[in-house]
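Construct all of the structure, not just a fragment, from the sequences and the given hints.
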Amino acid sequence: MRFWTKVRRLFTRMRGWQIVFSSVTMMSMMLMIIGAMLIVGGALALWRFASLHAKGTPVIARRLPAGDGSHWRHGVMVYSESTLKMYKLRSLRPGCDAEFARHDVTIVDRRNPTDIEAGFFAPGLRVVRIKSGKNTEWEFAVDSSSDTALVAWVESKPSSRQTREFPTDIERRFRSAYNRGRGSQY
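Numbered according to our numbering, the sequence shown spans residues 549 to 734.
It is possible that some hints are incorrect.
Straight-line Cα separation of at most 30 angstroms, DSBU-like style, residue types lysine-lysine; simulated pairs [said to hold, decoys possible]:
| hint | residue 1 | residue 2 |
| --- | --- | --- |
| 1 | K636 | K682 |
| 2 | K679 | K705 |
| 3 | K679 | K603 |
| 4 | K682 | K603 |
| 5 | K636 | K705 |
| 6 | K679 | K633 |
| 7 | K705 | K633 |
Computed spacing ranges between beta-carbons, pair by pair [claimed, not checked]:
| hint | residue 1 | residue 2 | range |
| --- | --- | --- | --- |
| 8 | I655 | H601 | 45 to 51 angstroms |
| 9 | S692 | P642 | 31 to 37 angstroms |
| 10 | S692 | F722 | 43 to 49 angstroms |
| 11 | P642 | D616 | 57 to 63 angstroms |
By construction, these hints were calculated from the structure, which means they are not laboratory data.
All of these numbers come straight from a predicted model, not from anything done at the bench.
Positions of the beta carbon are idealized from the N, C-alpha and C atoms, including for glycine.
Shown next, in the form of structure tokens:
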């Protein structure tokens, strides 16, 4: 027998519990659970939109390859010292939707929006195509100040040989080399 059937039979034997497990009450409980899930999901989406909207640089982005005028999503770019994180505004993902390492990003080219894209882009936006180290290409529709910020972030990256290592990283590397040497002696 099914679990809920056993539970229903158990409680229907007791007086006064028949109303609790009637089909109307079960349906209303299901609707209340679904409604609560929708409210929580809506609150999370509103929180993400409100918290990210003022956090970074607004962007319209898409991953390539894509058809002309398709797959564009509104989002926010957040720069840090070593990564560029892109958050889609209409996503429920708890973290970023795309992350680009600073040493792997190159700007491929810039172009004006096509006629189809110009229909839904704000005036003054340009499309910047970047390539990541994972051989993935993205296009960002940005205004002139966001374009300048992206170029400055990419071009001011330090050489990978000049990147300073933390003392904990040096110690970890030393210990692993030391342990490898000791392991080969035995």
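Evaluation of the provided hints:
{"no.": "1", "hint": "K636 x K682", "result": "holds, 20 angstroms"}
{"no.": "2", "hint": "K679 x K705", "result": "holds, 15 angstroms"}
{"no.": "3", "hint": "K679 x K603", "result": "holds, 24 angstroms"}
{"no.": "4", "hint": "K682 x K603", "result": "holds, 26 angstroms"}
{"no.": "5", "hint": "K636 x K705", "result": "holds, 25 angstroms"}
{"no.": "6", "hint": "K679 x K633", "result": "holds, 14 angstroms"}
{"no.": "7", "hint": "K705 x K633", "result": "holds, 16 angstroms"}
{"no.": "8", "hint": "I655 x H601: 45 to 51 angstroms", "result": "violated, 25 angstroms"}
{"no.": "9", "hint": "S692 x P642: 31 to 37 angstroms", "result": "holds, 32 angstroms"}
{"no.": "10", "hint": "S692 x F722: 43 to 49 angstroms", "result": "holds, 48 angstroms"}
{"no.": "11", "hint": "P642 x D616: 57 to 63 angstroms", "result": "violated, 32 angstroms"}
The earlier numbered hints that this structure contradicts are 8, 11.
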